[in-house]
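Listed in order, the protein sequences are those of chains A and B. According to the UniProt record's numbering, the first sequence is numbered sequentially starting from 1. According to the UniProt record's numbering, the second sequence is numbered sequentially starting from 1.
Read the hints as simulated data drawn from the structure, not as lab findings. Treat the hints with care, since some could be wrong.
[Unchecked claim] Derived contacts from chain B toward chain A, CB cut-off under 7 Å, selection only:
1. Pro36
2. His46
3. Asn48
4. Gly50
5. Tyr51
6. Asn168
7. Ala169
8. Ala174
9. Met175
10. Ser207
No residue lacks a Cβ here, since even glycine has one placed at the ideal position from N, Cα and C.
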Amino acid sequence: MSFQSAAKVTLRDAQLRRNVGKATGLIRAKRERAVAELPDWEALRDAGEAIKARTMATLPEQLERLEAAVTAAGGTVHWARDGAEANAIVASIAKQHGADEVIKVKSLATDEIGMNEALEAEGIHALETDLAELIVQLDPEDKQSHILVPAIHRNRAEIRALFERTIAQGQTLGYEASAIAEAARLHLRHKFLTVPVAVSGANFAVAETGTVGVVESEGNGRMCLTLPRVLVTLMGIEKVLPAWQDLEVFLQLLPRSSTAERMNPYTSLWTGVREGDGPQEFHLVLLDGGRSQVLADEVGRAALHCIRCSACLNVCPVYERVGGQAYESVYPGPIGAILTPQLRGLGEAPSLPWASSLCGACYEVCPVKIDIPSILIHLRGRVVREEKSSLTPEALAMKGMAAAFATRRRYEAAQRLARLGRGPLAKAALPGWTAMRDLPEPPKETFRDWWRRERES
Amino acid sequence: MKVALFITCFNDTLFPGAGKAVVRLLERLGCQVEFPFEQTCCGQMHVNSGYAHEAGGLHERFVRVFDEFEAVVSPSASCVAHVRERIPSIGPRVFELTEFLIDELGVVDVGASFPHRVTFHPTCHSLRLLHVGDRPLRLLREVRGIDLVELDGARECCGFGGTFAVKNADTSMAMLSDKVRHVLDTRAEVCTSADTSCLMHIGGALSRGRTGVRTMHIAEILAAQE
Numbered sequence: 001m002s003f004q005s006a007a008k009v010t011l012r013d014a015q016l017r018r019n020v021g022k023a024t025g026l027i028r029a030k031r032e033r034a035v036a037e038l039p040d041w042e043a044l045r046d047a048g049e050a051i052k053a054r055t056m057a058t059l060p061e062q063l064e065r066l067e068a069a070v071t072a073a074g075g076t077v078h079w080a081r082d083g084a085e086a087n088a089i090v091a092s093i094a095k096q097h098g099a100d101e102v103i104k105v106k107s108l109a110t111d112e113i114g115m116n117e118a119l120e121a122e123g124i125h126a127l128e129t130d131l132a133e134l135i136v137q138l139d140p141e142d143k144q145s146h147i148l149v150p151a152i153h154r155n156r157a158e159i160r161a162l163f164e165r166t167i168a169q170g171q172t173l174g175y176e177a178s179a180i181a182e183a184a185r186l187h188l189r190h191k192f193l194t195v196p197v198a199v200s201g202a203n204f205a206v207a208e209t210g211t212v213g214v215v216e217s218e219g220n221g222r223m224c225l226t227l228p229r230v231l232v233t234l235m236g237i238e239k240v241l242p243a244w245q246d247l248e249v250f251l252q253l254l255p256r257s258s259t260a261e262r263m264n265p266y267t268s269l270w271t272g273v274r275e276g277d278g279p280q281e282f283h284l285v286l287l288d289g290g291r292s293q294v295l296a297d298e299v300g301r302a303a304l305h306c307i308r309c310s311a312c313l314n315v316c317p318v319y320e321r322v323g324g325q326a327y328e329s330v331y332p333g334p335i336g337a338i339l340t341p342q343l344r345g346l347g348e349a350p351s352l353p354w355a356s357s358l359c360g361a362c363y364e365v366c367p368v369k370i371d372i373p374s375i376l377i378h379l380r381g382r383v384v385r386e387e388k389s390s391l392t393p394e395a396l397a398m399k400g401m402a403a404a405f406a407t408r409r410r411y412e413a414a415q416r417l418a419r420l421g422r423g424p425l426a427k428a429a430l431p432g433w434t435a436m437r438d439l440p441e442p443p444k445e446t447f448r449d450w451w452r453r454e455r456e457s
Numbered sequence: 001m002k003v004a005l006f007i008t009c010f011n012d013t014l015f016p017g018a019g020k021a022v023v024r025l026l027e028r029l030g031c032q033v034e035f036p037f038e039q040t041c042c043g044q045m046h047v048n049s050g051y052a053h054e055a056g057g058l059h060e061r062f063v064r065v066f067d068e069f070e071a072v073v074s075p076s077a078s079c080v081a082h083v084r085e086r087i088p089s090i091g092p093r094v095f096e097l098t099e100f101l102i103d104e105l106g107v108v109d110v111g112a113s114f115p116h117r118v119t120f121h122p123t124c125h126s127l128r129l130l131h132v133g134d135r136p137l138r139l140l141r142e143v144r145g146i147d148l149v150e151l152d153g154a155r156e157c158c159g160f161g162g163t164f165a166v167k168n169a170d171t172s173m174a175m176l177s178d179k180v181r182h183v184l185d186t187r188a189e190v191c192t193s194a195d196t197s198c199l200m201h202i203g204g205a206l207s208r209g210r211t212g213v214r215t216m217h218i219a220e221i222l223a224a225q226e
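Work out the full structure, taking the sequences as your base and the hints as a guide.
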């Protein structure tokens with residue numbers, strides 16, 4: 001479905017708009033306060049951008065360094081060209097350990113490649129342990145709608161009803177958030193202690209040391225990363241950082257941009273395996289999944305700098321109205337509008353680069369300074385050139401207008417037409433405009449006619 | 001000071017009042033205003049819609065038309081932002097009106113009088129591409145008799161976005177309805193801004209809702225001596 005059509009559906013859901021509007025409004029104000037505390041915030045953003053750009057310029061080398069360091073620390077590194085390869089690797093590891101269930105830390109990369117469904121098809125149930133991911137998973141009709149808060153479109157009453165129907169098995173949970181969360185806690189605790197294989201994503205992986213990191217707020221991640229015997233981490237290749245010291249920058253940028261916290265409650269960093277402490281088997285799956293393709297686009301590649309903080313979603317006036325599901329991707333909002341078409345191929349999501357008014361609020365908050373509006377414009381150009389016929393009414397109108405604007409005589413003739421409500425632009429634009437807005441009365445004379453009359457006669 | 005007026009194709013055709021006000025205002029402040037008739041369009045719509053290759057000729061034309069002038073002034077923050085970013089050879093000499101008044105002419109009180117209740121919508125491109133900051137508000141505060149009321153959620157996009165307003169009309173309208181609600185909450189008679197494109201969008205809904213609230217370009221208020 002095109003973004004326009006999907007948005008038409010979600011815009012009609014008044015409750016969804018209230019839920020998303022309220023939540024993004026709150027977190028937006030909190031982020032502003034958290035960021036204002038740091039006098040060197042702009043310098044941190046510059047540093048984040050520079051580290052990411054340098055990493056992308058040397059990506060093959062960094063990944064090989066990472067592989068060597070992880071292997072030296074007792075881990076196993078797997079390379080996956082696409083989602084299917086990655087899913088097969090994870091399924092085979094789970095099967096080797098006879099697991100018919102794995103527990104999961106919230107991970108966008110696994111959602112991107114549909115890992116839960118792929119494992120299910122192999123007879124392995126993947127249980128989400130992040131509270132919001134669990135909420136979404138419990139309702140077969142539901143889908144994630146935010147990078148950080150996947151169930152942002154749900155309110156407390158909806159979640160209570162869902163839990164009472166499912167994991168709380170008919171109990172009445174009351175209206176207190178703590179009582180509702182307790183139902184999830186009880187359900188999950190047993191799993192943490194008994195399931196032998198965990199699957200996670202990664203926020204960072206340090207090439208220098210082979211250290212992999214996950215930041216989170218709930219502690220479910222810490223349990224998944226430490227209690228099971230086997231840990232499998234799936235990571236997009238763009239998540240690598242060259243040096244341990246680089247974490248200094250990102251561990252400041254990420255929590256303040258994301259949850260508006262000075263530091264996230266749980267920061268888990270692990271390097272390979274250690275006897276008698278944590279998982280005794282560690283696998284790191286490096287996923288390409290279209291990323292090399294993105295890297296080949298000199299302008300578009302900056303989308304790979306994203307650290308998945310979701311600040312751009314929270315400030316986006318489009319996201320706030322339509323919600324995440326209208327983007328039909330695990331990466332919604334402004335970052336999704338530039339990432340999804342590039343990862344999947346422009347032809348698979350050609351309307352997403354237009355899902356923006358180019359207001360620039362996203363660029364202003366991005367902790368690694370991704371110039372999202374410029375990339376949107378760049379991708380619009382690529383869609384027009386690579387995916388569309390040069391004979392669409394729009395292309396012809398644009399060509400016609402460029403020709404009209406090329407000489408004064410033609411321009412002035414086009415003005416006369418436009419004022420009469422004709423011409424290619426007026427024709428294309430009018431119905432969409434006047435459905436809900438009035439058009440101004442055309443003026444009696446153009447500015448240049450006035451100038452001619454007043455100043456040159 | 002001799003300045004060229006870059007009216008923009010949009011104002012030339014649909015909102016000549018904004019251009020006339022700029023001329024009146026600048027002449028009152030002692031500028032000699034010229035209007036190069038060869039000017040047409042800066043190419044912003046083409047570039048932002050994905051037709052950058054059609055805009056190359058328009059960028060070249062812009063330089064040919066305006067190159068002889070020391071200063072070019074325009075009543076459109078959006079088009080000035082486009083010129084500055086895409087036509088760097090001339091960009092630094094092209095000014096949005098409120099930038100020109102404060103930074104180049106060094107005036108804040110332009111001698112205007114406008115005894116009405118007014119609210120100001122700072123457009124996205126003036127805020128986030130040109131970084132005009134509070135320049136428009138500083139100018140408005142000095143206007144005699146004005147009752148300037150702060151707009152809630154002022155920094156948020158009105159939903160215009162060029163072709164976005166038509167291509168994503170439903171989303172655009174959802175954004176606009178919040179903007180219009182904030183405008184109505186101010187009980188202002190006039191909503192003003194540094195771009196007539198956003199104002200056409202906001203004004204289109206104010207008119208459809210029969211609210212009685214008018215839209216005026218900021219130049220029209222700064223030129224007024226009621």
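His46 (chain B) as an interface hint toward chain A, with CB separation required under 7 Å: Result: holds, 6 Å to nearest chain A Cβ.
Ala169 (chain B) as chain A interface residue, shortest Cβ-Cβ below 7 Å: Where the cut-off is 7 Å and the nearest Cβ of chain A is about 5 Å from Ala169 (chain B), the hint holds.
Restraint outcome when Asn48 (chain B) is required to lie within 7 Å of chain A by C-beta distance: Because about 6 Å separates Asn48 (chain B) from the closest Cβ in chain A, which is inside the 7 Å limit, the hint holds.
Restraint check, 7 Å cut-off on beta carbons, for Ala174 (chain B) near chain A: Holds - the Cβ of Ala174 (chain B) comes within 7 Å of chain A, reaching about 4 Å at its closest.
Ser207 (chain B) as an interface hint toward chain A, with CB separation required under 7 Å: holds, 4 Å
Closest C-beta approach of Met175 (chain B) to chain A relative to 7 Å, hint status: holds, 5 Å
Minimum beta-carbon distance criterion (7 Å), Pro36 (chain B) to chain A: violated, 10 Å
Agreement of hint Gly50 (chain B) with chain A interface, Cβ distance less than 7 Å: holds, 3 Å
Restraint satisfaction for Tyr51 (chain B) [CB to CB of chain A, less than 7 Å]: holds, 4 Å
Hint check, Asn168 (chain B) versus chain A [nearest Cβ-Cβ separation less than 7 Å]: Constraint on Asn168 (chain B) satisfied, holds at 6 Å.
Taken one by one, the earlier hints fail for this structure only at number 1.
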